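Protein chains: 2
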Amino acid sequence: MAYFSENDIEKLEHIYKINLINSCSGYKSANLIGTKSNTNIENVAVFSSVTHIGSSPAMFGFFLRPTTVVRNTYENIKATGYYTINHIHESITKDAHHTSAKYNASTSEFNVTDLNSEYKNNFFAPFVKGAPVQIAMKFVEEYNIKANNTILVVGKIIGLYINDNLIEDDGFINLSKAKVAAINGLDGYAIPEHKKRFGYQRPKQ
Amino acid sequence: MAYFSENDIEKLEHIYKINLINSCSGYKSANLIGTKSNTNIENVAVFSSVTHIGSSPAMFGFFLRPTTVVRNTYENIKATGYYTINHIHESITKDAHHTSAKYNASTSEFNVTDLNSEYKNNFFAPFVKGAPVQIAMKFVEEYNIKANNTILVVGKIIGLYINDNLIEDDGFINLSKAKVAAINGLDGYAIPEHKKRFGYQRPKQ
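Chains A and B, in that order, are what the protein sequence lines are.
Position 73 (the first sequence) corresponds to 72 in numbering that gives the first Met the number 0; numbering is contiguous.
Position 101 (the second sequence) corresponds to 100 in numbering that gives the first Met the number 0; numbering is contiguous.
Treat the hints as calculated values from the structure; they're not laboratory data.
Treat the hints with care, as some may be off.
[Unchecked claim] Quick list of in silico lysine-lysine cross-link-like pairs, DSSO-like style, CA-CA up to 30 Å:
1. A:128 with B:10
2. B:176 with A:10
3. B:194 with A:93
4. B:137 with B:16
5. A:176 with A:128
6. A:178 with B:203
7. A:119 with A:178
8. B:195 with A:194
9. B:77 with A:145
10. B:178 with B:145
11. A:16 with B:195
12. A:176 with B:16
13. A:176 with B:194
14. B:93 with B:77
15. B:203 with A:77
16. A:119 with A:176
17. A:178 with B:176
18. A:194 with B:194
19. B:101 with B:10
20. B:93 with A:195
21. B:10 with A:195
22. B:195 with A:10
23. B:137 with A:137
24. A:77 with B:10
25. B:16 with A:119
26. B:194 with B:178
27. B:178 with B:203
28. A:77 with A:119
Remember, predicted model here, so these are calculated numbers, not experimental data.
Work out the full structure: start from the sequences and follow the hints.
This is how it looks when you write it as structure tokens:
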């Protein structure tokens, strides 16, 4: 196996390093986070760090760097308290990935891609039209991660829309039926096929 | 689309709720975290919340509940300062998932499954033998997430082992070549096929 020590990693060329380290946590969730400013400018940006942190109450976290392009997302969430999480599926992967380009705050990514916004039930932030799973989120709290100056944003699910045919009898959402993407590294997209459910595990006797 | 309000979600039957909410963040990373107690009892447990939080320094976070089975992992990390992250691949998914069963602290999951431990370069914690990506981690800090009483554990990569044939010229690790798994919900495992890399995005003119 190839081996990289802590020192080896530090010395890697920048692009090689970010590709390597972004790939080595495994597959990542592929989501578009939708927000709107108080001046009604819509924003949508790709995130691969949305993580389940609890089901009751239903809460997700995601990480961002306040000093990069994603500050539009952060500033809108802090200013308005609301955002949406939308699943990236096969037919929008290219446009979804393009939202990582650094546009200024006055440009909506909905205007420079074929992604369309959608509003539902008077929720403040825009959903991504056609996404098979759309989630209305309310900001709860944030943590400044001292180790590397990132921010963990914690939010609560206050509305959940799922294409009907994806939900199985026990609540499991079959993501592969909707061709939901998973992200490998910074820019690799895969469309997983469902293989196997193993059920709840009890100790062997 | 099916719609669940915050109130609907709260009222769902327990199993339905945890399946639904665990599925709706998208695909999750599939990792085995290896630890060892100060009394030399090895532990290995499946986690789906390992998340990249920075490349320089190379840092990952993961979430756990101190009150569940995973406290063995947490207690060992706090007591010793070290752990490993190992990718779950197709041939070990069944055994990997079985590590979610609630064994007591004196039972090593390496003894009740076909998973084998491996030690490298005098690192304290056990790796999972045969995993295509094996990561030596050092505990850095933790955050108590007040919103739902979970803990975010932040660690630094201090050693990284990757099967040689997976690394592309620019540092990208092709996870699909190693048949690395992604997790859907609590117990669904998928083996993604690599589809497309889109590269670094710049604004359209």
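We went through each hint and held it up to the structure:
1. Among the hinted pairs, residue 128 (chain A) with residue 10 (chain B) is consistent with the structure: their alpha-carbon atoms are about 28 Å apart, no more than 30 Å.
2. Distance restraint check for residue 176 (chain B) and residue 10 (chain A): the Cα-Cα separation of roughly 26 Å lies within the 30 Å cut-off, and the hinted pair is therefore satisfied.
3. A C-alpha spacing of about 11 Å is found between residue 194 (chain B) and residue 93 (chain A), which places the hinted pair at or below 30 Å, so the restraint holds.
4. Between the alpha carbons of residue 137 (chain B) and residue 16 (chain B) the distance comes to roughly 34 Å, so the proposed pair goes past 30 Å and is violated.
5. Between the alpha carbons of residue 176 (chain A) and residue 128 (chain A) the distance comes to roughly 18 Å, so the proposed pair stays at or under 30 Å and holds.
6. Under the criterion of a C-alpha separation no larger than 30 Å, the hint pairing residue 178 (chain A) with residue 203 (chain B) is consistent with the structure, at around 27 Å.
7. Of the supplied pair hints, the one linking residue 119 (chain A) and residue 178 (chain A) holds, its CA atoms being roughly 23 Å apart against a limit of 30 Å.
8. Distance restraint check for residue 195 (chain B) and residue 194 (chain A): the Cα-Cα separation of roughly 21 Å lies within the 30 Å cut-off, and the hinted pair is therefore satisfied.
9. In summary, the hint linking residue 77 (chain B) to residue 145 (chain A) is supported, as the alpha carbons are separated by about 18 Å, within the 30 Å threshold.
10. Distance hint between residue 178 (chain B) and residue 145 (chain B) is unfulfilled; the C-alpha atoms sit about 37 Å from each other, more than 30 Å.
11. About 20 Å separates the Cα atoms of residue 16 (chain A) and residue 195 (chain B), which keeps this hinted pair within 30 Å; it holds.
12. For a cut-off of 30 Å, the pair hint linking residue 176 (chain A) to residue 16 (chain B) stands: about 20 Å separates their Cα positions.
13. The straight-line distance between the Cα atoms of residue 176 (chain A) and residue 194 (chain B) is roughly 17 Å, inside the 30 Å bound, and the hint therefore holds.
14. Taking the CA atoms of residue 93 (chain B) and residue 77 (chain B), the gap is near 28 Å; set against the 30 Å cutoff, the hint holds.
15. For a cut-off of 30 Å, the pair hint linking residue 203 (chain B) to residue 77 (chain A) stands: about 28 Å separates their Cα positions.
16. A threshold of 30 Å between alpha carbons decides the hint, and for residue 119 (chain A) with residue 176 (chain A) the separation of about 24 Å falls inside it, so the pair holds.
17. A threshold of 30 Å between alpha carbons decides the hint, and for residue 178 (chain A) with residue 176 (chain B) the separation of about 20 Å falls inside it, so the pair holds.
18. Our distance criterion of 30 Å between C-alpha atoms is met by residue 194 (chain A) and residue 194 (chain B), whose separation comes to about 18 Å.
19. For the hint linking residue 101 (chain B) to residue 10 (chain B), the alpha-carbon distance of about 27 Å falls within 30 Å, and the restraint holds.
20. Proposed proximity of residue 93 (chain B) and residue 195 (chain A) is supported: the alpha carbons are some 9 Å apart, at most 30 Å.
21. With a CA separation close to 28 Å, the supplied pair residue 10 (chain B) and residue 195 (chain A) stays within the 30 Å bound.
22. With a C-alpha separation of about 28 Å, the suggested pairing of residue 195 (chain B) with residue 10 (chain A) holds against the 30 Å cut-off.
23. Proximity of residue 137 (chain B) to residue 137 (chain A) is assessed by CA-CA distance (about 33 Å); at most 30 Å being required, the pair is judged violated.
24. Of the supplied pair hints, the one linking residue 77 (chain A) and residue 10 (chain B) holds, its CA atoms being roughly 29 Å apart against a limit of 30 Å.
25. For the suggested pair residue 16 (chain B) and residue 119 (chain A), the alpha carbons sit about 23 Å apart, so the restraint of at most 30 Å is met.
26. At most 30 Å may separate the alpha-carbon atoms for a hinted pair to count; residue 194 (chain B) and residue 178 (chain B) meet this at roughly 14 Å.
27. About 35 Å separates the Cα atoms of residue 178 (chain B) and residue 203 (chain B), which puts this hinted pair outside 30 Å; it is violated.
28. For the proposed pair residue 77 (chain A) and residue 119 (chain A), the alpha carbon gap of about 21 Å is at most 30 Å, so the pair holds.
Of the numbered hints listed earlier, those contradicted by the structure are 4, 10, 23 and 27.
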